[in-house]
Amino acid sequence: MTRVYGWGILRSMAIAFKNFARKPITVQYPHEKIDLPERARWAVAMKRDEDGSPRCTACMACERACPDYVIKIDVTTGEDRSKFIDRWHYEIGACMMCGLCVESCAFDAIEMSHNYELARIDAANLAIDLLVDTPAAAPKRKAAAEKPAAPAAASDEAAPAGASEPASGPPEGGDDA
Amino acid sequence: MQQPDTTAVRSALEHAGVTVSVEEVERLGVVCRVEPASVRDALIALRDWEHSFDFQVDLFGEDTREAIDVVYHLRSFSRDEDLFVKATHPYDSVLTSVWDIHPAALMPERELCELFGLRILGHPNPKRLLTTDGCPPYLRKEVSIRTPEEVRDRASQVVNVAELTGAFGSIAAEPAPAPAASAASAGAEGGPAPLGESQPLLLPDAIKRAPSGVDHVSTEHLILSMGPQHPSTHGVLRLKMEIDGEEVVSTEAVIGHLHRGIEKLAESRRFNAVGTLMDRGDYVSGIHNELAFALATEQLLEVDVPRRASWLRVLLGELNRIASHITWYGPVGLDTGVMGLFLYVFRDRESLLDILEDITGQRMMFNYVRPGGVVADITTTAEAKIRAFLDTFDTYMDENEEIIMGNEIFQARTQGLGVLTPEMALAFGVTGGNLRSTGVSWDLRKDRPYSCYDEFDFQVPVAETGDVYARCQVRVGEMRQSTRIIRQCIDGLPEGEFTAKVPRVLRPPAGETYAAVESPRGELGIHLFTDGSDSPYRMRYRPPAMYALQAGETLLAGGLIADAVVVMGSMDVVLGEIDR
Amino acid sequence: MNPWLIVVLRFLAALGLMLVNGVVMIYMLRKVLARLHIRLGPMENGPWGMFQTVFDVLKLFTKEDPTPAAVDRPLYFLAPAVVFVPSLMAYIAIPFSATWVVADLPLGLLFVFAVMSMIPLGILMAGWASNNKWSLIGAMRAVGAQVTYEVPMLLAALPVVMMAQSLNLNDIVRAQHSVWFFVNVPAFLLFLIAGLIESGQTPFDLAEAESELVSGFATEYASMKFGLLFLSEFSNTFIFSALLVTLFFGGWQLPFVSASTLSAIGLFPVIVFMLKTYFVIFLLMAVRGTLPRVRVDQLLALGWKFLLPASLAWVMVTGLVIKIGQTLVGPR
Chain B
1 MTRVYGWGIL RSMAIAFKNF ARKPITVQYP HEKIDLPERA RWAVAMKRDE
51 DGSPRCTACM ACERACPDYV IKIDVTTGED RSKFIDRWHY EIGACMMCGL
101 CVESCAFDAI EMSHNYELAR IDAANLAIDL LVDTPAAAPK RKAAAEKPAA
151 PAAASDEAAP AGASEPASGP PEGGDDA
Chain D
1 MQQPDTTAVR SALEHAGVTV SVEEVERLGV VCRVEPASVR DALIALRDWE
51 HSFDFQVDLF GEDTREAIDV VYHLRSFSRD EDLFVKATHP YDSVLTSVWD
101 IHPAALMPER ELCELFGLRI LGHPNPKRLL TTDGCPPYLR KEVSIRTPEE
151 VRDRASQVVN VAELTGAFGS IAAEPAPAPA ASAASAGAEG GPAPLGESQP
201 LLLPDAIKRA PSGVDHVSTE HLILSMGPQH PSTHGVLRLK MEIDGEEVVS
251 TEAVIGHLHR GIEKLAESRR FNAVGTLMDR GDYVSGIHNE LAFALATEQL
301 LEVDVPRRAS WLRVLLGELN RIASHITWYG PVGLDTGVMG LFLYVFRDRE
351 SLLDILEDIT GQRMMFNYVR PGGVVADITT TAEAKIRAFL DTFDTYMDEN
401 EEIIMGNEIF QARTQGLGVL TPEMALAFGV TGGNLRSTGV SWDLRKDRPY
451 SCYDEFDFQV PVAETGDVYA RCQVRVGEMR QSTRIIRQCI DGLPEGEFTA
501 KVPRVLRPPA GETYAAVESP RGELGIHLFT DGSDSPYRMR YRPPAMYALQ
551 AGETLLAGGL IADAVVVMGS MDVVLGEIDR
Chain V
1 MNPWLIVVLR FLAALGLMLV NGVVMIYMLR KVLARLHIRL GPMENGPWGM
51 FQTVFDVLKL FTKEDPTPAA VDRPLYFLAP AVVFVPSLMA YIAIPFSATW
101 VVADLPLGLL FVFAVMSMIP LGILMAGWAS NNKWSLIGAM RAVGAQVTYE
151 VPMLLAALPV VMMAQSLNLN DIVRAQHSVW FFVNVPAFLL FLIAGLIESG
201 QTPFDLAEAE SELVSGFATE YASMKFGLLF LSEFSNTFIF SALLVTLFFG
251 GWQLPFVSAS TLSAIGLFPV IVFMLKTYFV IFLLMAVRGT LPRVRVDQLL
301 ALGWKFLLPA SLAWVMVTGL VIKIGQTLVG PR
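Chains as they are written, first to last, in the numbering used here: chain B, 1 to 177; chain D, 1 to 580; chain V, 1 to 332.
Do not rely on the hints blindly, as some may be mistaken.
With a straight-line Cα cutoff of 20 Å, these simulated EDC-like cross-link-like pairs (lysine to aspartate or glutamate) come out [stated by the list, open to error]: (1) B:Lys33 <-> V:Glu44; (2) B:Lys18 <-> D:Glu23; (3) V:Lys305 <-> D:Glu402.
Quick list of simulated restraints, FRET-style, between CB atoms [stated by the list, open to error]: (4) V:Lys59 <-> B:Asp51: 38 to 48 Å; (5) V:Val183 <-> B:Phe20: 43 to 53 Å; (6) B:Arg87 <-> D:Arg387: 31 to 41 Å; (7) B:Arg11 <-> V:Leu15: 24 to 34 Å; (8) B:Arg11 <-> V:Asn131: 18 to 28 Å; (9) D:Ile44 <-> B:Ala14: 17 to 27 Å; (10) V:Trp48 <-> D:Met364: 58 to 68 Å; (11) V:Pro309 <-> D:Pro422: 34 to 44 Å; (12) D:Asp377 <-> V:Glu44: 15 to 25 Å; (13) D:Pro503 <-> V:Lys59: 50 to 60 Å; (14) V:Lys59 <-> D:Pro422: 31 to 41 Å; (15) B:Asp35 <-> D:Asp377: 13 to 23 Å.
So, partial list: chain D residues that the calculated Cβ filter (under 7 Å) puts toward chain B [what the hints assert, rightly or not]: (16) Ala37; (17) Glu81; (18) Thr88; (19) Pro90; (20) Arg152; (21) Glu357; (22) Ile403.
For the record, the hints were derived by calculation from the structure and aren't laboratory data.
Cβ coordinates follow ideal geometry from the N, Cα and C atoms, glycine included.
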């Protein structure tokens, strides 16, 4: 063998010992936890106003935006065209935390929380209801929160469809077929 | 890049006796339509022509609802031109293999046949590639994907493979005579043939045998499965090896364990949601995947991406390139026994993933690059983290080089091993670092700049020897060049918008286009067909690692088992993009 | 005291030392490797993870011990014993102090080498009986390497024997009262390389190359049989380090302190010996976590083409030097 074994090996050992002297970078979870950056996307959570009421207007934009059909909102529409959310069902176990639902929400009603400790012992607990038996909020645009609430229900019905997809036509069921 | 001259192409093909119609399709390039029976003559004519379209970029199919269009994407490096040859095959017909003209066609043809329901003739290994027998040819339009109700019924998702009763089984046409060239597998004398399956492939000018054994003593060859569960195969790759003592006689790569049907799923998603699928192809370099798709869509939409958005794409792309090369670098150490290197480089990868999480929100599945631009602007905390990372990374890289590249034992293990010649690399469709390690200088960032890469000052490392050590040198050099690009990005990020104004639901006009990026593994290309609706009509994902894997299969023959691990590691394959 | 009782007690002491060594060394390995790799290692079980190995041993005892159906049963069950017992026997000759030695054999060094050379037989039994191609490859590699390096290791120790003029390990230690035999650096290096291979340490741990052969010859073993194989590997490392210290670093002696004052302080020489041995083990573990693995054909080439001729040549050179020294200075 024409190669002289020696110097390279010794330098490798020197680097190893240099690292021996460095402080370990281990974070001892669960005793220590790292702070997540602001934009970190984990489980979807419902945002609430100061008085605790949810802002979801049941416009179904998030349900349509979700690529994996993880969100399912059961809505009953009353005679005065007000909506009542029976169940806002969210399958945490199937969610890939892409954030498309939050992007599509025009009312700032949901957010990607920082809750990443989602493991459950029973698989049935991997699908939860974020809202049960709650009346849907009256649709005020999130950008126009300072404007007075829109008076008539009829014009508010058109607003959700227009707010989420400005360039498309009526709410399509294209990818549900 | 220039477009080939259509009249010259037509006359060259007609000179070879092929009836052809040549046209230039906007946003795509020059397309030649030939009859299925004359595909082989056309490819030979194009290869031997003075314009030498001898490099196959990709081979795939498209279901046009009337027939299957088989597309051969060819390239001439000498003239920097691309050409598409299309042949229309009726449903359930027979595809004649072109593997002896372009060995790069070996795996793509198998995939095409099994997913579109064609049968293959003349292939040395006519077995299904990604799916099991009984799985229907699902890329056909008549095979529909599930409805939302079926998807939501998640408890009933399990499929019993034994119960798949699709009539579509083997893809081999009968009879399947192997071309004469594969008779070179007569080198495997003395051993039992592998259990009734086709002979493994040995190209004539394959690999020099490592000195071993006493060949005239009658011994038995073992068929060993370096199986999907193994500490060293990078991803779920199964290498079926025929070994003679410690020496590998031949190898067959069995893939498909990670197949999820990304290309079919893309046909049912909106354009802004396809990025989530692309992230999961080559999962260690998600930005490049998303970028390829975004570029393809932008070419069809003909939208101008703001300069700031392009620079942000470059910034995150290069950060992701370093992270991806680290995911290759650590396991190279582990494969050879250097445990320490893995953890040292992953310390840097943690910093990178922290930066990426700060900007995009997730450590690996970013969903950040969309058609039109990017989702959000860079944060000030991310800028600070990037500068801190750059300050320490060069020192750490020097240390890592001393630990592994300068170590004589590692050099003895890797120099002169797994030599990839330029001819072999080009024949197998290899791109990226593997190609540059053989001496061919081809980098899409320099030769076909996209996303403002021509505004940056960086070099492309090229090595000469083509062995494992050269591939290591090339990728280590690329990591250092990436830090240069990142520094220029951070220092000179232009003002402006981070995205163009595109509607939330995109409907690109009907058409066809091809866009490619230089991912850490090679040329990652997206061939996109649209029909004016809100989801793609057909999306073909050209996986650079698949071509590297094909070349790797042939490189392993003649070496030792211990070398098999090192050589496969050096080709930098990620099964996520091979299987899709 | 009944002499038979003394024999039994000494044997139990050796066994106890081997087990305690195993426990301590496994923990030490995990911690040393962790610190080299800028991480922490076991931290949860006990302060600084001290009880981790105890729990691991308990885990091994309580694991299911499946015997695969196709194994060669007699060989399969005997192999861990054939690997473990020679390792235990080698403890008999190691001098922990002038009086603390289980059996002060006049041919101590030869005894240790003879006994350690039975281990490749056990490895081959394990690999063959497992009826698993990967195990067989691992066993073949191990046997090939260990048989290659038997002779160079013995030859590398021969200069030491010539300098000490005895094969008794205690005599070798006492012969180093003025200068350690480490000054014979080539002999030290040759013995180091040969011994690393014999005890299966990186950069030569190809019998068990984790990234290639999963667990090599031990793949099909579970529970305490695996524990025995694993323990004997650590035990071999200890034996090798102890031999290194005895032959080249003065055994239980300290420099500048005479042997008699040292022996008078009771257990002190034992502590010195153990500290030295564990320091060598620490260095070996540092090398284990850092250097790449040498390929099997390169290893065999190294043994036959380099180590064997070099150790032969060095025996001659050492003999010449000793003879010249004796002629010049006068017989000792």
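Hint check:
1. B:Lys33 <-> V:Glu44: With Cα atoms ~16 Å apart, Lys33 (chain B) and Glu44 (chain V) stay inside 20 Å; holds.
2. B:Lys18 <-> D:Glu23: Not OK: Lys18 (chain B) and Glu23 (chain D) at ~64 Å, beyond 20 Å, violated.
3. V:Lys305 <-> D:Glu402: Distance of about 28 Å is beyond 20 Å: violated.
4. V:Lys59 <-> B:Asp51: 38 to 48 Å: violated (54 Å)
5. V:Val183 <-> B:Phe20: 43 to 53 Å: Since Val183 (chain V) and Phe20 (chain B) have Cβ atoms about 28 Å apart, the given range 43 to 53 Å is violated.
6. B:Arg87 <-> D:Arg387: 31 to 41 Å: violated (48 Å)
7. B:Arg11 <-> V:Leu15: 24 to 34 Å: violated (42 Å)
8. B:Arg11 <-> V:Asn131: 18 to 28 Å: Given range 18 to 28 Å: violated, Cβ gap about 44 Å.
9. D:Ile44 <-> B:Ala14: 17 to 27 Å: violated (58 Å)
10. V:Trp48 <-> D:Met364: 58 to 68 Å: violated (33 Å)
11. V:Pro309 <-> D:Pro422: 34 to 44 Å: holds (41 Å)
12. D:Asp377 <-> V:Glu44: 15 to 25 Å: violated (42 Å)
13. D:Pro503 <-> V:Lys59: 50 to 60 Å: holds (59 Å)
14. V:Lys59 <-> D:Pro422: 31 to 41 Å: violated (53 Å)
15. B:Asp35 <-> D:Asp377: 13 to 23 Å: Taking Cβ atoms as reference, Asp35 (chain B) and Asp377 (chain D) lie about 21 Å apart, which means the hint holds.
16. Ala37: violated (39 Å)
17. Glu81: violated (37 Å)
18. Thr88: Since the shortest Cβ distance to chain B is 28 Å, the answer is violated.
19. Pro90: violated (28 Å)
20. Arg152: holds (5 Å)
21. Glu357: It holds, given that the least Cβ distance between Glu357 (chain D) and chain B is near 6 Å, below 7 Å.
22. Ile403: Constraint on Ile403 (chain D) satisfied, holds at 5 Å.
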